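Whole structure, please, built from the sequences with the hints as guidance.
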Amino acid sequence: MKLDSRIPSGPIEQAWDKSRFDMKLVNPANKRKFSVIVVGSGLAGGSAAASLGELGYNVKCFCFQDSPRRAHSIAAQGGINAAKNYQNDGDSIYRLFYDTVKGGDFRAREYNVYRLAQNSVNIIDQCVAQGVPFAREYGGALANRSFGGAQVSRTFYARGQTGQQLLLGAYQALEAQVDAGSVKMYTRTEMLDLVIINGKARGIVTRNLVTGQIESHAADAVILATGGYGNVFYLSTNAKGSNCTAIWRAHKRGAAFANPCFTQIHPTCIPVSGDYQSKLTLMSESLRNDGRIWVPLKGGDKRAPSQIPENERDYYLERRYPSFGNLVPRDVASRAAKAVCDEGRGVGETGLGVYLDFADSINRLGRSAIEERYGNLFEMYNRITGEDPYTAPMRIYPAIHYTMGGLWVDYQLMSTIPGMFVLGEANFSDHGANRLGASALMQGLSDGYFVIPYTLGNYLASNKLEKVDTSAPEFAAVTKEVNDLVAQMLSIKGKRTVSSYHRELGKIMWDNCGMGRNAAGLSNAITQIQGLRHEFWNNVNVPGSGEDLNQQLENAGRVADFLELGELMCRDALHRNESCGGHFREEYQTEEGEAMRDDENFQYAAAWEYAGQDTEPILNKEPLAFDYVHPAQRSYK
Amino acid sequence: MKPASMNLTLHVWRQANAAAPGRMERYDAPNVSEDMSFLEMLDVVNEQLISDGKEPIAFEHDCREGICGSCGFMVNGVAHGPQKGTTICQLHMRHFKDGEELFLEPWRATAFPVLKDLVVDRAAFDRIIAAGGYVSVRTGSAPDGNAISVPKEAADIAMDAAACIGCGACVAACPNAAAALFTGAKISHLGTLPQGQAERSRRALRMVEQLSLEQFGSCTNIGECVAACPKQIPLEMIARMNRDHLKAAWTSRGEHRSGGE
Amino acid sequence: MAATGAALYLFVTVHLLGNLQVFLGPDAINHYAAALKSVPEILWGARLGLLACVGLHILTTVQLARINNKARPTAYAKKANSASTAASRTMYLSGPTIAAFIVYHLLHLTVGSAHPQFSETDVYSNMVFGFRVWWVSAAYIIAMALLCTHLRHGVQSMFQSLGFNHPKHSPRIQKFANAVGILYFAGFASMPLAALTGILPPFFERL
Ligand SMILES: Cc1cc2nc3c(=O)[nH]c(=O)nc-3n(C[C@H](O)[C@H](O)[C@H](O)COP(=O)(O)OP(=O)(O)OC[C@H]3O[C@@H](n4cnc5c(N)ncnc54)[C@H](O)[C@@H]3O)c2cc1C
Ligand code: HEM
Ligand code: SF4
Ligand code: FES
Chain R
1 MKLDSRIPSG
11 PIEQAWDKSR
21 FDMKLVNPAN
31 KRKFSVIVVG
41 SGLAGGSAAA
51 SLGELGYNVK
61 CFCFQDSPRR
71 AHSIAAQGGI
81 NAAKNYQNDG
91 DSIYRLFYDT
101 VKGGDFRARE
111 YNVYRLAQNS
121 VNIIDQCVAQ
131 GVPFAREYGG
141 ALANRSFGGA
151 QVSRTFYARG
161 QTGQQLLLGA
171 YQALEAQVDA
181 GSVKMYTRTE
191 MLDLVIINGK
201 ARGIVTRNLV
211 TGQIESHAAD
221 AVILATGGYG
231 NVFYLSTNAK
241 GSNCTAIWRA
251 HKRGAAFANP
261 CFTQIHPTCI
271 PVSGDYQSKL
281 TLMSESLRND
291 GRIWVPLKGG
301 DKRAPSQIPE
311 NERDYYLERR
321 YPSFGNLVPR
331 DVASRAAKAV
341 CDEGRGVGET
351 GLGVYLDFAD
361 SINRLGRSAI
371 EERYGNLFEM
381 YNRITGEDPY
391 TAPMRIYPAI
401 HYTMGGLWVD
411 YQLMSTIPGM
421 FVLGEANFSD
431 HGANRLGASA
441 LMQGLSDGYF
451 VIPYTLGNYL
461 ASNKLEKVDT
471 SAPEFAAVTK
481 EVNDLVAQML
491 SIKGKRTVSS
501 YHRELGKIMW
511 DNCGMGRNAA
521 GLSNAITQIQ
531 GLRHEFWNNV
541 NVPGSGEDLN
551 QQLENAGRVA
561 DFLELGELMC
571 RDALHRNESC
581 GGHFREEYQT
591 EEGEAMRDDE
601 NFQYAAAWEY
611 AGQDTEPILN
621 KEPLAFDYVH
631 PAQRSYK
Chain P
1 MKPASMNLTL
11 HVWRQANAAA
21 PGRMERYDAP
31 NVSEDMSFLE
41 MLDVVNEQLI
51 SDGKEPIAFE
61 HDCREGICGS
71 CGFMVNGVAH
81 GPQKGTTICQ
91 LHMRHFKDGE
101 ELFLEPWRAT
111 AFPVLKDLVV
121 DRAAFDRIIA
131 AGGYVSVRTG
141 SAPDGNAISV
151 PKEAADIAMD
161 AAACIGCGAC
171 VAACPNAAAA
181 LFTGAKISHL
191 GTLPQGQAER
201 SRRALRMVEQ
211 LSLEQFGSCT
221 NIGECVAACP
231 KQIPLEMIAR
241 MNRDHLKAAW
251 TSRGEHRSGG
261 E
Chain W
1 MAATGAALYL
11 FVTVHLLGNL
21 QVFLGPDAIN
31 HYAAALKSVP
41 EILWGARLGL
51 LACVGLHILT
61 TVQLARINNK
71 ARPTAYAKKA
81 NSASTAASRT
91 MYLSGPTIAA
101 FIVYHLLHLT
111 VGSAHPQFSE
121 TDVYSNMVFG
131 FRVWWVSAAY
141 IIAMALLCTH
151 LRHGVQSMFQ
161 SLGFNHPKHS
171 PRIQKFANAV
181 GILYFAGFAS
191 MPLAALTGIL
201 PPFFERL
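Listed in order, the protein sequences are those of chains R, P and W.
Here the first sequence stands for residues 1 to 637, numbered as in this note's numbering.
Here the second sequence stands for residues 1 to 261, numbered as in this note's numbering.
Here the third sequence stands for residues 1 to 207, numbered as in this note's numbering.
Keep in mind the hints are simulated off the structure, nothing from the lab.
Bear in mind that the values here come from a model prediction, so they are computed numbers and not experimental data.
Any given hint might turn out to be false.
[What the hints assert, rightly or not] Output of the computed footprint for chain P on chain W, the stretches with three or more beta carbons under 8 Å from beta carbons of chain P:
#1 69–75
#2 78–84
#3 87–98
#4 148–161
Note that CB positions come from ideal geometry on N, CA and C, so glycine has one too.
Laid out in structure tokens, this is it:
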């Protein structure tokens, strides 16, 4: 497999302008003649579908929820970065670029990141114009807050509901296009496979989740914006429905999967409370602006937090990282929490938790200031735990949150399958081995509003696309495969429920491919997953029929894919003999326990190629060049 | 102190599909931990049903964080259950007592047909937004974000309104099955901001017209919606909608219908 | 509905003030009544206007009820009320009762066919003798209580329908409206009560 990243030549500052100029354009009158499928209605898919519809393309947009507004982007709390420098604190496009490349631990493509930083500025303008109610100062100007991994205040936010407001902006733009007739929305419709004709992506096969109907849709190009695959861990901060099915099935049809093991663990989530636990809830990272993280100095200290005097507390982040303190990047904060818990200093019933304490801030700023900033998060914490974070510190623990890996795409966001583009969290493009807070929203919207409208046009204008409709034999063949798969799952009628497999897979992944990884554990995990997958296909119990709304069947398909993806993640983690960003191999750490990168051997994106069921995948490498930000050990001391 | 674990009896509306008749069925929910969320309690009941060879109860959910608006059904006649300002996915079992009987029913409204068990079709909400719940701004054509200053107070009111998650509890709780709170929230959100002014009249006219096309009921200002709303959208948002609508209806020259292509 | 409701509210206010003149003695109220009747154009204009208001109000109510019944054809097996006032939930009960009352009221004190001792000119005596029958007074008092609950929700609803709701002012308006409701009730109820207890003395006996 040849990986042509199509990175433009010349200085990075002009690269995007230049490549936009070099791209071919579709004549306005001809746009109507092109049809585009957008799978996903989150920030990436929603913004893409709306913008493409507005340009005049014939767009079909799909999501599995009952409304495009419910895509998982809705859950993002903290904010979105942009290099506006409204705070006059020294921010610039270059600094955002620099921070993101460094934050990604030198495993992202520089040119993509630079473009992202450039687009960040337009995103804010666009969203404000759509009526996104960003937080304002009394003077009427936009307000900012700071976020982990940055020393400037560049994060824009709408209370603790930034993702919701940005998504509603994109959703409303999308519905405006639905009203205008340029976008047709297919809700409660799940993409189950990709159809390739003459080497190009030409359509998808879907299941109507209400009627069970398997349907075909043809188009001139297919865009996947189906979000991340963090739910491979079962417990994560992702929505229950978040899945890898679309990208995984596209992977099996030839799209390379890049850096699957790069997953992000978020340091501030509410700890697990019991084995019925169905998901983990994030407490926005922004809390770290005003909360101080600590554990008791001595292990096994079971006193209530208020009984532990100041000198018997260990504010370990402030101690270890004096210049960033509680605002170190996520991977660093998460590992530090795991370390203190491993030492037996964790708090709460399970010992898997650390305190996030607001007492100092409440004393300094007053309760009402804290309430204004974090009121809804505090309420959420109280609802879930029954505890009051105004009077007792929160207990938090890291949880799986984001997947930096995803389908490999070139600079124009096209996958290794011509005509199939991948946007948002579903691709691997911009965050390297670790994502900085508030930059996923930025990436999703940059991809959807400001990149795909150009690069898709370029593809359509520079390729000769024959007329294709769903009567093509390729559609029939894929439809048959999909039907067979559904029928097979329903026919096993074994003894174990779908979610019991999912839980077990999640535990294998968390124990072996989570915050700390090592060769022995990963090899072991691969074997375990293979065994579990085998058992699944022989002993799973999927009740009901395929002809109506069947949530167990939906879930079974997703878990089946996770059972394959999990193995690939472990393989990727096993092959990468270095520690970088969210990928921490215990064998590769400095004496102080910091990640040790190996730039000589691993300065590349690992793009895995599917080689067939139960066959080892093929590794392709895209070497990464760092001409602007020079790799150094990340230091947040 | 109440026991950490309790036994509950559930009466759940079971309906195979939109066309089939439905009925209430009784289930036991034993050993419910008070730290479980309501949906986790149902997960456990469902796992048992599957193991017993029965069909699990279908209910909608996704984020389980109270933000996506997927979840929602009636618990003892109250939308999203007894805790104020809380979606059913965020409701935890510590709010119930050992031995309680709980009646679970889907949202009921002509505009929200039941698809299965506790799952209803809320596509009408999308069509209401499509009828004008947006600001038309071409991608890339926006002025600088700080070009138009927005008073903090306006931004705050807009945000209060925009917090709506589109769950439909307001419709479910309303004796008239009206969607005034949902629609009022969107009209208020956009109508409060300077960016939303150009389309303010057209928006109010078209969205309110869509309300009746979807066969929602008419608001009689009773306030059950506000009590049920997990985001506590205030009744004021309905007044704002009425104000915009009255004003628009009075000044309209009748071109608002020209939506679509 | 808000407009007709408001017009009726206005009428109720004027009507109450007019009626309360009964306490100023027979002359005051009888002169007032005579003055009203002296210009038939105005009298009939007002009557027709009122009739139209009541008619339209009822008509819109019927339309509203039709829409709202269609909007929820299947009732809940269990439904709890969380926030609404009893007044707001009983509008469909208080309204028609008031309508029935109005018919009776017209026959009783305007046309006189439901009044055994009716006089065309002596409004004072019509009221005093009419109210001396205990069940007539009781009917009036109950109807007035219902009218006030109807208005309690009606006023709030009207402001809301007309687009006025402000977190600072609305609670005050509602408090004011509630106080006015109670005052109206007290005002209206005072007349039958006064007649029953003999506080309002008969002007002269008639056969
Ligand atoms: C709790 C939480 C908080 C976060 N907070 C922040 C933050 O503060 N700042 C930040 O920058 N980032 C944050 N993130 C990350 C960020 O929200 C996501 O990375 C981003 O929103 C992903 O957007 P997306 O458009 O790529 O995918 P999504 O929003 O996940 O959308 C996926 C879409 O694809 C559809 N879909 C998926 N599979 C299929 C299929 N097979 N068929 C049809 N449709 C399908 C879904 O229906 C959905 O519409 C947060 C993430 C979480 C979990
Ligand atoms: C004649 C019989 C009457 C009937 C059947 C009736 C019925 C109703 C109903 C069903 C409503 C709307 C319900 C709601 O908003 O919850 C209403 C509203 C109202 N009614 Fe009546 N009513 C009657 C008489 C009156 C009278 C006599 C008055 C005043 C003197 C009055 C004043 C009002 C007002 C102010 C409203 C509020 C209007 C709005 O919100 O738009 N009604 N009525
Ligand atoms: S107004 Fe409240 S109850 Fe109604 S849809 Fe919005 S969030 Fe749900
Ligand atoms: S599941 Fe998302 S709001 Fe309840």
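Taking the numbered hints from earlier one at a time, note which ones the structure violates and give those numbers from smallest to largest. none
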